[in-house]
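A.B. asks: The numbering of the sequence shown is the UniProt record's numbering, which starts it at 1 and goes up by one.
Note that these hints are calculated values from the structure, not bench results.
Accuracy of the hints is not assured; some may be wrong.
[As the list claims (entries may be wrong)] Here are the simulated distance ranges between beta carbons: (1) Ser589 - Asp131: 20 to 30 Å; (2) Gly380 - Glu427: 29 to 39 Å; (3) Asp411 - Asp431: 24 to 34 Å; (4) Arg378 - Pro941: 56 to 66 Å; (5) Arg391 - Gly897: 20 to 30 Å; (6) Lys864 - Gly758: 20 to 30 Å.
Just so you know, even glycine gets a beta-carbon here, dropped at the ideal spot from N, CA and C.
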Amino acid sequence: MPGVPPKQPGIRAPTHRTDGEGALMAAGSGREKFPMDALAQELTRRCAGEVRFDPGSRATYSTDASNYRAVPLGVVVPHTPDDAVAAIAVCREHDVPVLSRGGGTSLAGQCCNNGVVLDWTKYCHRLIAVDPQARSAIVEPGIALDDLNRQLAQYDLMVGPKPATHVSCTIGGMIGNNSCGSTAQAYGKIVDSVLRMEVLTYDGVRAWVGGPKADCDNEFAELRERLLTLGDRYADDIRAAYPDIPRRVSGYNLDSLLPERGCDLAKLLVGSESTLVTVLRAEIQLVPRPAAIAMAVLGFPDVYAAADAVPLVLEHRPAALEGLDHRLVELEHSRHLAEKAIQQLPAGKGWLMAQFDGADQKEADAKANAMIDELRERTGAEATMLDDPRREAEIWAAREAGLGATAFPQDGPETHEGWEDAAVPPERLGDYLRDFERLLKQFGYESSSLYGHFGHGCVHTRIPFDLRTSTGIARYREFVTAAAHLVAGYGGSLSGEHGDGQSRGELLPIMFGDTVVGAFRELKRILDPRNRMNPGKIVDAYPLDSRLRQGSDYRPWEPVTHFAFPDNSHRFSEAAGRCVGIGKCRGASGGVMCPSYRATREEEHSTRGRARLLFEMLNGEVITDGWRSTEVRDALDLCLSCKGCRSDCPVDVDMATYKAEFLSHHYRHRPRPLAHYSMGWIPLWARLATGMAPVANALAQGPTRRLLARAGGIDPRRQLPRFANRRFTRTFDGPTGSGARGKVLLWPDTFTNNFEPGIADAAVTVLRAAGFDIEIPARTVCCGLTWISTGQLPTAKRVLRRTLRQLAPQLRAGTPVVVLEPSCAAVFRADLPELLHGDEDAHRLAGQTHTLAELLAERAPEWKPPSRAGSALLQPHCHQHAILHHQHEQDLLSGIGVDVDVLDAGCCGLAGNFGFERGHYDVSVACAEDKLLPAIRAADPETMVLADGFSCRTQIRQLTPGARPRHTAEVLADAIGGAS
Numbered sequence: 001m002p003g004v005p006p007k008q009p010g011i012r013a014p015t016h017r018t019d020g021e022g023a024l025m026a027a028g029s030g031r032e033k034f035p036m037d038a039l040a041q042e043l044t045r046r047c048a049g050e051v052r053f054d055p056g057s058r059a060t061y062s063t064d065a066s067n068y069r070a071v072p073l074g075v076v077v078p079h080t081p082d083d084a085v086a087a088i089a090v091c092r093e094h095d096v097p098v099l100s101r102g103g104g105t106s107l108a109g110q111c112c113n114n115g116v117v118l119d120w121t122k123y124c125h126r127l128i129a130v131d132p133q134a135r136s137a138i139v140e141p142g143i144a145l146d147d148l149n150r151q152l153a154q155y156d157l158m159v160g161p162k163p164a165t166h167v168s169c170t171i172g173g174m175i176g177n178n179s180c181g182s183t184a185q186a187y188g189k190i191v192d193s194v195l196r197m198e199v200l201t202y203d204g205v206r207a208w209v210g211g212p213k214a215d216c217d218n219e220f221a222e223l224r225e226r227l228l229t230l231g232d233r234y235a236d237d238i239r240a241a242y243p244d245i246p247r248r249v250s251g252y253n254l255d256s257l258l259p260e261r262g263c264d265l266a267k268l269l270v271g272s273e274s275t276l277v278t279v280l281r282a283e284i285q286l287v288p289r290p291a292a293i294a295m296a297v298l299g300f301p302d303v304y305a306a307a308d309a310v311p312l313v314l315e316h317r318p319a320a321l322e323g324l325d326h327r328l329v330e331l332e333h334s335r336h337l338a339e340k341a342i343q344q345l346p347a348g349k350g351w352l353m354a355q356f357d358g359a360d361q362k363e364a365d366a367k368a369n370a371m372i373d374e375l376r377e378r379t380g381a382e383a384t385m386l387d388d389p390r391r392e393a394e395i396w397a398a399r400e401a402g403l404g405a406t407a408f409p410q411d412g413p414e415t416h417e418g419w420e421d422a423a424v425p426p427e428r429l430g431d432y433l434r435d436f437e438r439l440l441k442q443f444g445y446e447s448s449s450l451y452g453h454f455g456h457g458c459v460h461t462r463i464p465f466d467l468r469t470s471t472g473i474a475r476y477r478e479f480v481t482a483a484a485h486l487v488a489g490y491g492g493s494l495s496g497e498h499g500d501g502q503s504r505g506e507l508l509p510i511m512f513g514d515t516v517v518g519a520f521r522e523l524k525r526i527l528d529p530r531n532r533m534n535p536g537k538i539v540d541a542y543p544l545d546s547r548l549r550q551g552s553d554y555r556p557w558e559p560v561t562h563f564a565f566p567d568n569s570h571r572f573s574e575a576a577g578r579c580v581g582i583g584k585c586r587g588a589s590g591g592v593m594c595p596s597y598r599a600t601r602e603e604e605h606s607t608r609g610r611a612r613l614l615f616e617m618l619n620g621e622v623i624t625d626g627w628r629s630t631e632v633r634d635a636l637d638l639c640l641s642c643k644g645c646r647s648d649c650p651v652d653v654d655m656a657t658y659k660a661e662f663l664s665h666h667y668r669h670r671p672r673p674l675a676h677y678s679m680g681w682i683p684l685w686a687r688l689a690t691g692m693a694p695v696a697n698a699l700a701q702g703p704t705r706r707l708l709a710r711a712g713g714i715d716p717r718r719q720l721p722r723f724a725n726r727r728f729t730r731t732f733d734g735p736t737g738s739g740a741r742g743k744v745l746l747w748p749d750t751f752t753n754n755f756e757p758g759i760a761d762a763a764v765t766v767l768r769a770a771g772f773d774i775e776i777p778a779r780t781v782c783c784g785l786t787w788i789s790t791g792q793l794p795t796a797k798r799v800l801r802r803t804l805r806q807l808a809p810q811l812r813a814g815t816p817v818v819v820l821e822p823s824c825a826a827v828f829r830a831d832l833p834e835l836l837h838g839d840e841d842a843h844r845l846a847g848q849t850h851t852l853a854e855l856l857a858e859r860a861p862e863w864k865p866p867s868r869a870g871s872a873l874l875q876p877h878c879h880q881h882a883i884l885h886h887q888h889e890q891d892l893l894s895g896i897g898v899d900v901d902v903l904d905a906g907c908c909g910l911a912g913n914f915g916f917e918r919g920h921y922d923v924s925v926a927c928a929e930d931k932l933l934p935a936i937r938a939a940d941p942e943t944m945v946l947a948d949g950f951s952c953r954t955q956i957r958q959l960t961p962g963a964r965p966r967h968t969a970e971v972l973a974d975a976i977g978g979a980s
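Using the sequences plus the hints, can you model the full thing?
C.D. replies: Right under this line is the structure:
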């Protein structure tokens with residue numbers, strides 16, 4: 001149909017998937033049953049979007065970032081808002097519930113329900129119009145905040161509120177939740193930015209509401225009169241019950257119906273969590289991007305003293321004022337998060353981060369310094385002032401890493417939401433925190449940390465609730481009830497940011513009283529009389545201790561695994577349940593995670609979506625066939641095993657390892673895809689082919705190429721790499737270095753040894769120049785990488801045990817092992833000790849593995865290669881990014897005069913065997929075209945392209961004709977050769 005965007009590359013987009021369960025499927029508690037097949041067929045017939053009722057899709061959307069779980073009837077992915085209108089009409093005719101979902105990052109259970117889920121994020125993410133003079137924009141609800149702000153940058157405008165989940169949260173979701181974020185100090189909540197919205201009721205009334213152009217001569221007119229009458233009738237009760245604080249997010253915005261608030265229906269509907277209407281489009285007010293920013297960080301003896309100082313800082317009108325305590329810093333330090341930011345904090349055990357905006361840097365700095373001077377004088381606070389954007393970004397990263405750092409403390413139990421965003425008057429924050437800590441101790445809890453938007457009196461924390469036993473769940477209920485009374489006594493709000501959902505819905509009478517909650521119920525009846533819009537949230541909410549993702553009957557399957565999962569209590573169920581749902585993997589730029597989601601925009605191809613499927617597989621209710629599940633297999637099929645999630649995911653989900661484990665069991669005693677035999681066994685085939693390279697290359701590059709590709713399960717559009725005419729291990733001339741710095745073992749990985757031995761020769765040149773004596777293994781060895789990535793784990797373990805036997809003398813002697821291929825080094829550092837957990841030689845090899853740059857930095861810090869002027873684009877290998885990091889390479893190259901630009905381009909897309917396999921080519925190319933290839937094409941022809949990974953170099957060569965990507969060792973060897 002006209003205006004429908006093209007399908008994303010490589011993604012299956014069926015119009016109707018069913019689960020084969022017949023005509024009926026229970027929803028919710030089982031009291032309601034809906035005709036699944038008839039509903040799905042009618043949705044397919046009348047909605048141009050994608051309709052999915054299969055177990056995999058239902059499992060993928062079973063939960064959000066909360067404690068709750070509800071398996072939906074099915075999922076509709078509309079191409080346009082009109083498709084959503086058609087879908088809701090079908091749902092109305094079949095009398096089934098509807099949930100309109102944005103980024104799925106809600107922490108109170110708003111984004112999980114048993115109806116039909118509308119996922120706006122794949123297609124309905126357009127910026128429809130911008131009015132730079134009026135500073136406004138009209139958008140579709142599925143557009144992510146960061147994506148929108150990138151498009152608005154050309155106008156020097158942005159959206160004011162910025163939640164910590166800005167990489168993935170959508171404007172529609174922000175409207176549903178009335179989102180805020182750190183910048184709400186200056187710009188308010190999203191309700192303060194909404195000008196008008198196009199909305200649809202469950203009964204089919206569609207209209208633009210809010211603003212001078214809305215509410216005139218349309219179907220909404222009658223509803224408008226009933227809503228205004230409701231506001232008039234409860235006006236005095238609303239004024240008395242609503243706290244006058246900046247962060248009141250709980251409850252419906254009935255105060256927007258008051259005359260002094262403009263009787264604004266758009267603002268009334270903001271924060272209604274898809275329980276009243278579906279938002280089809282929205283017009284939002286924009287703000288100018290700050291010309292200059294300065295940040296002041298204040299250190300106090302504890303977090304209570306920091307909270308006490310908030311009113312003093314507010315007198316200086318900061319644009320943002322955040323707080324954090326020593327426990328958050330300790331957790332981030334123990335998990336190596338935000339290390340640079342932690343080093344910049346002034347002395348103390350509680351901190352305030354105050355941002356000041358200015359017309360220029362001088363003005364911003366002056367505001368920050370004036371505040372620092374007063375706070376030092378009046379409170380004795382330690383202080384640091386930052387105006388370098390890089391340092392400021394590091395500090396903000398520390399603050400935004402809070403949820404991930406606190407979810408799984410290393411020395412404590414897992415923590416949960418449930419009381420994580422209450423808000424009180426900022427001037428009373430210190431006293432509230434002291435009372436809150438006393439309440440925690442009374443119930444035997446200890447918060448993992450206290451942090452949040454202190455300038456608005458909003459506090460974030462996660463608490464180690466026991467949600468797996470009836471006793472623990474009862475204590476959870478007792479605690480949050482007491483906490484609600486505490487906050488209400490301070491004149492605060494149960495939610496200052498995350499909304500009510502199911503976590504706080506039934507507690508609202510404590511805050512508002514029965515009369516106003518009765519008004520909430522009337523509002524719901526006016527706009528959703530059949531209770532079909534996201535039922536069980538805010539009004540007549542499901543009990544806060546029901547429908548839990550864990551719960552007292554939680555008993556997941558605990559299969560025997562090849563990997564040990566030592567950081568997850570040696571339990572695969574703990575690993576698969578690790579995802580907390582905040583959706584950083586759904587970001588469109590920055591870091592490595594998650595390349596397949598960036599290419600497809602499919603939830604099931606995000607790290608989060610795959611984690612949900614694995615969780616449901618172990619739960620056994622929706623995914624019932626365990627390791628044999630085709631739904632899980634298909635979701636994992638487009639996982640590139642890049643390991644980006646291992647470093648970029650805030651809670652260290654490691655999907656590459658989970659995929660390898662799953663594939664190992666899925667294909668046990670069954671035929672595998674052809675590529676598992678061709679690419680998975682490449683160490684063997686490469687060794688054979690290099691022995692007869694001219695013949696092998698003629699077959700692989702000539703007329704028989706397509707036949708070989710088809711036989712090997714390889715995409716025919718791929719060029720097979722050329723085998724070298726000689727193997728490095730056959731020509732290595734022995735340990736002839738000076739040995740002044742000792743002996744090293746140079747690892748002859750399959751790719752360097754058989755395809756690009758010149759890189760190993762270059763490494764020998766560098767190591768000898770640096771004073772090392774070099775040896776190589778006496779016999780053929782392998783790290784098992786390709787068997788691991790294809791899930792052939794028994795074979796991988798045999799290969800690794802043989803390797804350990806061959807390296808035993810060097811391992812016992814403590815000889816450093818230099819590995820030139822980052823993916824092989826990552827196997828030794830991470831996969832090996834987890835596959836052969838407890839094998840001392842495996843742990844020795846993990847500790848003795850170095851990249852070339854790491855070895856030089858650690859064992860030869862005073863040695864300097866000759867200068868080599870020039871500029872370079874450096875593409876870090878994903879496994880190096882995740883496991884090894886690349887700072888040493890950058891420092892080494894910069895030290896010899898190379899101007900290095902480290903690309904933040906994500907995965908190259910080839911990812912070992914992935915990009916060669918049939919069915920993966922389009923996604924592989926889309927990953928490369930996202931950032932990497934455009935950066936290379938735009939670079940000066942004289943700029944070097946550096947990529948230490950064989951996959952990265954291969955992808956660049958094949959997709960950018962004329963490019964000559966090189967290894968760091970080759971650049972260093974050139975400098976040494978040029979000097980000599």
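A.B. asks: Tell me, in ascending order, the numbers of any earlier hints that this structure violates.
C.D. replies: Those not satisfied come down to hint 2.
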